[in-house]
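Q: Chain by chain, the residues:
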Amino acid sequence: MTAVSSTGPAAFLGRHEGLRGRLPGAALPWVEALRDRSAAAFRAQGFPTRRVEAWKYTDLAVVNASVFGEPLTGVDDALALPAATNPRAVFIDGRFRADLSTLDGLAYAVENLATALPQLESRLGALVRPEEQALAALNGMLFEDGLVVTVPDGVEAGVLELVSYATESERAPAFHPRHLVRLGANASLTLVETAAGPATARYMHNPVFEIEVAEGGRMNHGRLQQEGRDAFFLSTVYARVQEGGTYDNFTLNAGSRLARNEIHVALCGPKAECHMNGVQLLADGQHADTTTALDHAAPNCSSRQTYKTVLSGKSRGVFQGKILVRQIAQKTDGYQMNQALLLSPDAEIDSKPQLEIYADDVKCSHGATVGELDAEQIFFLRSRGIPLEQAKAILVEAFLTEAVEAVADEAIRDALSGAVTGWWQRQGIQGGIEVA
Amino acid sequence: MLKIENLHASIDGKSILNGLTLEIPAGEIHAVMGPNGSGKSTLSYVLAGREGYEVTEGSVTFGDIDLLAMEPEERAVAGVFLAFQAPVELPGVGNANFLRTALNAVRRAKGEAEIDAIQFLKLARARMKVLNMPDDMLKRPVNVGFSGGEKKRNEMLQMALLSPKLALLDETDSGLDIDALKLVSDTVNSLRGPDFSALVITHYQRLLNHIVPDRVHVLSAGRIIKSGGPELAQELEASGYGAIQAAAA
Ligand SMILES: Nc1ncnc2c1ncn2[C@@H]1O[C@H](COP(=O)(O)OP(=O)(O)OP(=O)(O)O)[C@@H](O)[C@H]1O
Ligand SMILES: [Mg+2]
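Residue numbers (this note's numbering), protein chains in the order written: chain Z, 34 to 469; chain P, 15 to 263.
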């Protein structure tokens, strides 16, 4: 018998072997094939090192060296979630919890992946290429559950909340939910996702989203990443948008010890649109990486990206943004802006914009800035009686305003403002601007 | 009210104020005039507490407190207000929110009740009317895209709302049209009273026709080289600084 490694890819591959026959869909040959293909892809790649171009600034060595366990089954702890004002799907350690969810009387379908699996052959994995993304491969090998949303043509679904929570566990669970969202023609949905967990628990949350927006569909995807400070949040979103459709993503990266927020969007039909905005708020010891890949694969599409990172203490932020404009994608309008505010001399930001343009009639621009708080502005505020800490908070809020105001959806904007204020309070900073 | 004695201040190792002595009794308005680079803005910054200046000698007392020992926000709470020569822009900060935050910061520090949003708007609109400022300036980010004169009026709006005990007006008149000059002067004059003093820095006698000063001082190379009544401003307007500088040398 060979010893099974407790860390790194071998541990996960061993887990896949060990659970074979017990993972959801084990009886379905196409699921088995998908898991095997993913396992082969993960075996080939392992956890990417910094020699891999897409991982140049984010080191997964600490993930590679950590011991993870299985999420416990049948955990029944009562979780103090705030009362739901919207339909809500709750996942604990990656598993759907019907008892905590409120999903009655919807005009569209919300299911959990483990249950709906037999019907998902055409959808599951349709947007993912495990050979090109190691974490998506890991997810494809070990996914157990996830959210499956299907909005029929013309239905305006309103707001749906996706809450993912990790429990306090000695086992340092790793979970790999796979979420599928499909919007029919002219359908719309606002998905507000919250990922959180206990402040001190070690765990890995490795979700993969596959989002399909049909002709004229509109998807707003708001994401509040507020994982516990010892967690690893490794998330990959794949979205495909057809003619006249819109996919908007706003991600707040504020929690976890190490976060990767990777988003791939393909604009596949004319006049499709994508807005990607985000805010990264990093305190001492945190590392957050936002990596976007926008594929302009049809003419007359537009994309807008505004990302802002605020770094304090010894923290590190990364932004990588690639815009690919294929030859067919004439009249593309692409814009990308990435700005960082360093509140501490020990903080570091790395930024890599990348434009790859094969069409000749396009408008594409990108920019990046790195700065500190302006001494003149701080003095001006203080000279009006505003204490130093509050003056700083006001200026940081102002820095974030542009990205926050770009969020069209009110539900997402409100959730976000609340999260930003909460972040300040955790940094011990009281009071920003007062609203008049 | 304000007593500056033998003030020496330098920045980046360069000495700017060189033994400046000036006293403004409560209820008085004093004008300071002087050539470009003579140290007028520096004086206002040192009084308001901007970082970067090193006071190497001298003292400043405000009432009976040592002004130089205080943080800028403490000075503001104590009643010092600086109207900037070049008002600072704050992109992303709404003017109304800024004004209310400042007003409440001062009120809180003084142990006074905070002003709610509705009360605030009423107060601000009344003050803006006097300054002939359109309402939409409350919604815009602080000073962003404001014209030169609009920025100066916005400084006066802040002053009117915070009602300081000592206003330091650094060339508030420059950039103002003739009508605005009158409105700004009215705002300053409306604060006049036994508890209000002002130090008005200007290059032009015209402002002093509207805000009639009790005293006029000439600052040159970081020192007051001559003081007099309002007629001194007229004298300067006619003959420039040369004769006075020569006499003082
Ligand atoms: N950081 C600095 N380093 C060196 N010199 C400085 C610095 N800041 C200001 N100075 C100098 O200090 C002197 C006084 O400047 P100040 O702005 O006080 O003049 P002022 O009297 O207000 O002039 P103006 O009428 O043009 O507004 C100037 O010569 C200026 O160049
Ligand atoms: Mg000046």
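Keep in mind that the hints were calculated from the coordinates and are not lab data.
Honestly, I wouldn't trust all of these hints.
To be verified - Calculated from the model, a selection of chain Z residues having no Cβ within reach of chain P, i.e. all distances over 12 Å:
(1) Pro42
(2) Ala66
(3) Asp137
(4) Asp393
(5) Val395
(6) Glu405
(7) Leu414
(8) Ser416
(9) Arg417
(10) Leu421
Said to hold, decoys possible - Keeping only pairs whose Cα atoms sit at most 20 Å apart, straight-line, the calculated EDC-like set for lysine to aspartate or glutamate is:
(11) Lys179/P <-> Glu103/P
(12) Lys165/P <-> Glu409/Z
(13) Lys124/P <-> Glu409/Z
(14) Lys153/P <-> Glu438/Z
(15) Lys124/P <-> Asp80/P
(16) Lys153/P <-> Glu435/Z
(17) Lys153/P <-> Glu248/Z
(18) Lys425/Z <-> Glu88/P
(19) Lys425/Z <-> Glu103/P
(20) Lys425/Z <-> Glu65/P
(21) Lys425/Z <-> Glu85/P
(22) Lys165/P <-> Asp191/P
(23) Lys304/Z <-> Glu248/Z
For every residue, glycine included, the Cβ atom is placed at its ideal position computed from N, Cα and C.
Q: Failing hints, ascending?
A: 7, 8, 9, 10, 11, 13 and 17
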